[in-house]
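Here is how the chains run, residue by residue.
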Amino acid sequence: MTEASHGGGNEPRMPPLNEIKKLRSDPNGRIFLAQIVRANRHSSQGIDQTLAKERLRSFALRSLKRVQDGQIVKTRGKIDIERSFANPILAPEWDTYLHLDETRIRSEEPLVHVMTWNVFMQFVLPPKLTEEALSIPKEGLAEFVSDLSGPQFDETTRIGIVPKRSLNLLWATTLEDVLKVAPSAAGNGPIPSAEANALRNYLGLGHRGPEPRGLVLIVFRAGTLVNHLRNGEKVSRPFAFEGIGNQRFHLFPEDMQAREDGWNRALDLAGAAGGRLQPGAREVVMTSLAATDIERCIKTEGIGMPPCAEKEDLILKAMLDDTCTMDQIEQEFRQLVETGND
Amino acid sequence: MIDFTDPDVLSHWLIGSAVRYGRTIVARPGGVDAIDNTDRFSLTQLREERERALSPVPYDVELDYPGCVIKEIGCSVQIAEREDFMLAATREAIFDQALSRALQSWEQEDGPAAIYLLLGIASERRLNDAPAIARMLLSKGWMTGFDPDWKRAIGHRIAVIAYNSATKIDSGVLFDTLPAKPDFWSYHSSGFVCVGTILHSELRQNRWKDIALKHLPDLTQFGEFALKQHLRKIVLSAQLGFVVRDSCFLIADLWGAEETRKPSRGDPRHRLLKLLYGSAIAPITAEPHQPRPMWCDHDKVTLFDVVREHDVARKFGKADVSDVMLICGARFEEITKTKRFSSGGPDAFWGALDSAMGSMPSWGDDVAETVDFERLYQSADLWTDAGEDAGDKRDA
Numbered sequence: 001m002t003e004a005s006h007g008g009g010n011e012p013r014m015p016p017l018n019e020i021k022k023l024r025s026d027p028n029g030r031i032f033l034a035q036i037v038r039a040n041r042h043s044s045q046g047i048d049q050t051l052a053k054e055r056l057r058s059f060a061l062r063s064l065k066r067v068q069d070g071q072i073v074k075t076r077g078k079i080d081i082e083r084s085f086a087n088p089i090l091a092p093e094w095d096t097y098l099h100l101d102e103t104r105i106r107s108e109e110p111l112v113h114v115m116t117w118n119v120f121m122q123f124v125l126p127p128k129l130t131e132e133a134l135s136i137p138k139e140g141l142a143e144f145v146s147d148l149s150g151p152q153f154d155e156t157t158r159i160g161i162v163p164k165r166s167l168n169l170l171w172a173t174t175l176e177d178v179l180k181v182a183p184s185a186a187g188n189g190p191i192p193s194a195e196a197n198a199l200r201n202y203l204g205l206g207h208r209g210p211e212p213r214g215l216v217l218i219v220f221r222a223g224t225l226v227n228h229l230r231n232g233e234k235v236s237r238p239f240a241f242e243g244i245g246n247q248r249f250h251l252f253p254e255d256m257q258a259r260e261d262g263w264n265r266a267l268d269l270a271g272a273a274g275g276r277l278q279p280g281a282r283e284v285v286m287t288s289l290a291a292t293d294i295e296r297c298i299k300t301e302g303i304g305m306p307p308c309a310e311k312e313d314l315i316l317k318a319m320l321d322d323t324c325t326m327d328q329i330e331q332e333f334r335q336l337v338e339t340g341n342d
Numbered sequence: 343m344i345d346f347t348d349p350d351v352l353s354h355w356l357i358g359s360a361v362r363y364g365r366t367i368v369a370r371p372g373g374v375d376a377i378d379n380t381d382r383f384s385l386t387q388l389r390e391e392r393e394r395a396l397s398p399v400p401y402d403v404e405l406d407y408p409g410c411v412i413k414e415i416g417c418s419v420q421i422a423e424r425e426d427f428m429l430a431a432t433r434e435a436i437f438d439q440a441l442s443r444a445l446q447s448w449e450q451e452d453g454p455a456a457i458y459l460l461l462g463i464a465s466e467r468r469l470n471d472a473p474a475i476a477r478m479l480l481s482k483g484w485m486t487g488f489d490p491d492w493k494r495a496i497g498h499r500i501a502v503i504a505y506n507s508a509t510k511i512d513s514g515v516l517f518d519t520l521p522a523k524p525d526f527w528s529y530h531s532s533g534f535v536c537v538g539t540i541l542h543s544e545l546r547q548n549r550w551k552d553i554a555l556k557h558l559p560d561l562t563q564f565g566e567f568a569l570k571q572h573l574r575k576i577v578l579s580a581q582l583g584f585v586v587r588d589s590c591f592l593i594a595d596l597w598g599a600e601e602t603r604k605p606s607r608g609d610p611r612h613r614l615l616k617l618l619y620g621s622a623i624a625p626i627t628a629e630p631h632q633p634r635p636m637w638c639d640h641d642k643v644t645l646f647d648v649v650r651e652h653d654v655a656r657k658f659g660k661a662d663v664s665d666v667m668l669i670c671g672a673r674f675e676e677i678t679k680t681k682r683f684s685s686g687g688p689d690a691f692w693g694a695l696d697s698a699m700g701s702m703p704s705w706g707d708d709v710a711e712t713v714d715f716e717r718l719y720q721s722a723d724l725w726t727d728a729g730e731d732a733g734d735k736r737d738a
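Top to bottom, those sequences are chains A and B. Going by our numbering, the first sequence opens with residue 1, and the numbers climb by one from there. Going by our numbering, the second sequence opens with residue 343, and the numbers climb by one from there.
Calculated from the structure, these hints are not laboratory results. Cβ coordinates follow ideal geometry from the N, Cα and C atoms, glycine included. Hints are all accurate, no fakes.
Using 30 Å as the maximum straight-line C-alpha spacing, the simulated DSSO-like pairs for lysine-lysine come out as follows:
1) 128(A) - 523(B)
2) 660(B) - 679(B)
3) 138(A) - 556(B)
So, partial list: chain B residues that the calculated Cβ filter (under 7 Å) puts toward chain A:
4) 374
5) 375
6) 404
7) 405
8) 530
9) 564
10) 567
11) 568
12) 571
Please construct the entire structure, taking both the sequences and the accompanying hints into account.
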């Protein structure tokens, strides 16, 4: 395997090292470098290591080219990773996913899928129900949502990573896991904002900032995903690119356990000072699910807390463990982009 | 970074961004909200247009226009907080001032989408001036010539704004005028206007029924999920005890004390009772002869307490509370289609009585006067017979 699988021909022959320095001088640029290095380390555990590494290299080179060409978008004075680099690959490619490990999850186990209220309204609810939801005073929305289940949704609607149209997967995990921080999810009512806030931070979504309209938790059986698998689609956790600049995803170790030094932890730190991740929390991320498989929906109250202003430093701090310095990150990044030029 | 220090600059930005962003949306047919203008733009174009429109505020694909702007206020306020707590409060105040100016300086040429979006922020932030501005917008006739769906979408936003500050005088005017403006009205607004009117009314406990009846034709156009929430909100706004009381009054009007009349099926008052107690989506759980009280969310009352406390007997032209309990109980059973003594036969009656007695504050003289316990005890057997008779009649 010598050919880069994606767009190899258009890449610069020599990696523009000045551009790496430019990235390093920006808080978000540093995160970007660290993300790719982390992804590279994880790629050694993937199903198709060569393909993953090659894609990662190709992506890193394309990104450096964009820096060189000045095609960088800045938000609030810092590089906007998503808009500068990740745009073209935000919709993940189906075949780069890892499989859900069926042996780890019982088919009856309830899983929870978290999305923003806005996405739920725009892309998941059928238009008629969206209209009705818009016609209900806010206080009734949680009840309205909790009355909904599979049969109320369109057969064609899918939840999860639906290419292009809506990136509505924020997070997915077991209900058991969610109950640790949001016990109200066991009932039928709304999840109060304090619990919703804790849940957001626990799931590593703190960087997203306030959700004035809250989140929607969708409960379904793990079994529906397994059936889904047998139909030929892949169920997965995110890998490599999907984590880059895409706030919906994060990287975590092979054993699917959240760790103190995990990406989840990084985002968690970014979300709230003193926010703690429970060690050993299980992490599951999956692919699309038919909306008709929904067992029940739970709405959280709005989360009113604004995002942490200095999140970049916190993320970086959490990503770089004791043994890894920024110099090392740069070194590994260079190694990655240079390998393909042998 | 957007300038949060000068309300003039900020209001100028608000108008400009709303106009530009407005090009990317169209009113949903029927006019309850707006959706992506996919006829004119591809998804990539939509995103690019919105990024340009919102710049320097970042566009978040998972948020709508008000969501993006409000998120930015959150960021700005938080940055200010680190420097100076007062500064943060000032920024919020400046933003609201700017929003208020933007709403007032909107002109017809700016288009319906822009005012729709600005009203969306105002609604989300519960802007103090919003009902007054909405009133002004409606009265000036600037919207003539706009697409009918846009007018209804704007009307819907205004209904939400009025609902959000239902007790304001301007909101009261909006509740009266909106339904009378067919251009701006669709049944989608009726839930907000109906419940808002109840909340606005000083005598809401006495007026809820008439207000609900007035909006019933619109409300029943909703699907079951939404209708349930509207009914629930009506009950909670008027308070469950008063709703049950007025339901007893309605029973008196519809059936009469002597049980000789039958309400006509088309009578909206009968329909209201059916919806509140006897439909699959009824917000009130009513099992009048069980020991259990009637429920709506966390509110609960017993029929016994309602009949006793609100002098329902007078409405029936009777002096005797236990008689009236019998009549109302039977009618609630008919409405809810629950079988009398379905769980436990006559024992349930004693259970109900014990429960009713348990809830009494004290054994004062007034209680002894209003409730003829002797008669209640005696009636237990009679009651069973009456129930079977009533059941037979229904079956026939």
